[in-house]
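So the chains spell out like this:
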Amino acid sequence: MTTALKTEQVVSQIAAAFTGADIKVDGPAVIVAPDMVNKVCAFLKSAPGLEFDYLHNLTSVDFMDYFEVVYHLTSLKHNHSMVLKTRCFDRNNAEVASVTGVWRGADFQEREVYDLMGIKFTGHPNLKRILLWDGFLGHPLRRDYL
Amino acid sequence: MEVVGPESIKQLDSSEGQEINTLIERSRLPLTDPDQWLDEDLKRNTAMIATDAVLNWGRLNSIYMHATGPACCIFEFLSAFTARFDVARYGWEIFRPSPRQADVFVIAGTVTWKMAVQLRRLYDQMPEPKWVVAMGACAISGGTFRESYSVTPGVNRIMPVDVYIPGCPPRPEAYLYGMLALQEKIWKSSSKKQILEGTYKFKQNFRQFPSGNR
Chain A
1 MTTALKTEQV VSQIAAAFTG ADIKVDGPAV IVAPDMVNKV CAFLKSAPGL
51 EFDYLHNLTS VDFMDYFEVV YHLTSLKHNH SMVLKTRCFD RNNAEVASVT
101 GVWRGADFQE REVYDLMGIK FTGHPNLKRI LLWDGFLGHP LRRDYL
Chain B
1 MEVVGPESIK QLDSSEGQEI NTLIERSRLP LTDPDQWLDE DLKRNTAMIA
51 TDAVLNWGRL NSIYMHATGP ACCIFEFLSA FTARFDVARY GWEIFRPSPR
101 QADVFVIAGT VTWKMAVQLR RLYDQMPEPK WVVAMGACAI SGGTFRESYS
151 VTPGVNRIMP VDVYIPGCPP RPEAYLYGML ALQEKIWKSS SKKQILEGTY
201 KFKQNFRQFP SGNR
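Protein chains in written order, with this note's numbering: chain A, 1 to 146; chain B, 1 to 214.
Take these hints with a grain of salt, some might be off.
Pairwise CB distance ranges, derived in the manner of DEER restraints [to be verified]:
1) B:S8 to A:H78: 41 to 47 Å
2) B:S8 to A:T122: 22 to 28 Å
3) B:S14 to A:D65: 33 to 39 Å
4) B:D13 to A:A21: 35 to 41 Å
5) A:K6 to B:Y149: 47 to 53 Å
6) A:V25 to B:E7: 32 to 38 Å
7) B:S8 to A:G123: 46 to 52 Å
8) B:S15 to A:F63: 33 to 39 Å
Examples of chain B residues toward chain A, derived with CB under 7 Å [what the hints assert, rightly or not]:
9) S14
10) K114
11) Y149
Please keep in mind that the hints were generated in silico from the structure rather than gathered at the bench. Even for Gly, the Cβ is constructed at its ideal location relative to N, Cα and C.
Whole structure, please, built from the sequences with the hints as guidance.
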């Protein structure tokens with residue numbers, strides 16, 4: 001059984017590596033700024049004792065006030081997991097740093113989030129629609145769609 | 001094999017998007033009569049009766065299928081081809097992998113706009129005469145996904161449909177009934193259909209085709 005890491009254990013390590021960064025804790029999740037997600041993820045993948053080598057899931061939630069991008073990380077080596085989140089408050093120009101450089105598996109999932117929720121992933125090598133077609137207007141999983 | 005670069009992929013994407021948007025715009029137009037391609041002179045030609053009877057007899061007893069299953073209805077469709085139902089007795093047990101060898105195109109499932117381009121292309125590749133069977137609520141009208149942004153409101157918005165088999169999903173028996181109705185339609189698709197109807201009275205019992213040993 002994969003054990004979910006306590007957020008305090010992870011937050012202290014992230015805060016030590018990124019001094020002065022805005023890191024919050026919300027329930028079981030660690031929340032970081034959208035422009036430093038890729039750096040935090042690279043750190044979480046390589047930090048000894050953590051080594052989250054597997055991106056289990058990447059999804060997004062629309063709360064109307066802000067978008068939340070959720071990363072479920074798992075370490076196959078240590079058999080533990082954690083949840084990382086980031087929030088974008090600019091609805092018209094939501095941008096998150098891409099984690100495709102850390103986990104290649106994020107490619108299609110980030111394209112899906114971009115396609116259906118309209119969040120741009122800066123640094124993504126091939127950010128275009130994946131499920132809907134070229135020329136489709138709008139992003140249908142946004143709560144204000146239609 | 002030609003190596004496809006990022007630029008040509010971009011072109012492919014945009015041409016696919018344009019094709020889908022054209023399909024969507026065309027789907028908003030009123031539906032046309034699927035039989036409008038039939039020639040008026042051909043319908044009046046009495047010498048065609050015997051030929052039609054032979055041709056139709058052959059066509060309806062050796063239907064070559066081209067099936068596509070975009071959603072769950074395909075499992076009921078495939079169940080109809082198990083030994084329990086023995087569709088070989090009707091003559092529609094042969095599947096063709098290529099639409100160019102098929103007579104009947106069965107669409108069993110939900111058709112999205114992105115898939116609609118491919119299905120329309122398959123339909124265009126089928127040789128005449130060809131028939132289309134829409135199986136299940138989604139293929140008929142979009143079903144529960146009718147108001148969706150990505151699902152076609154019925155296959156008849158993409159291609160003319162001959163037989164609709166309702167159900168969610170329809171049972172194999174419903175599929176058999178639908179195909180029997182299609183056989184009736186094929187038999188009636190004569191250039192002199194009024195005379196044939198008067199002669200053979202298929203409306204009373206459409207199971208009795210003049211084929212003898214089925």
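Each hint, compared with the structure:
no. : hint                       : verdict
1   : B:S8 to A:H78: 41 to 47 Å  : holds (44 Å)
2   : B:S8 to A:T122: 22 to 28 Å : holds (25 Å)
3   : B:S14 to A:D65: 33 to 39 Å : holds (35 Å)
4   : B:D13 to A:A21: 35 to 41 Å : holds (38 Å)
5   : A:K6 to B:Y149: 47 to 53 Å : violated (41 Å)
6   : A:V25 to B:E7: 32 to 38 Å  : violated (46 Å)
7   : B:S8 to A:G123: 46 to 52 Å : violated (24 Å)
8   : B:S15 to A:F63: 33 to 39 Å : holds (37 Å)
9   : S14                        : holds (5 Å)
10  : K114                       : holds (6 Å)
11  : Y149                       : holds (5 Å)
Comparing the model with each numbered hint stated earlier shows that hints 5, 6 and 7 do not hold.
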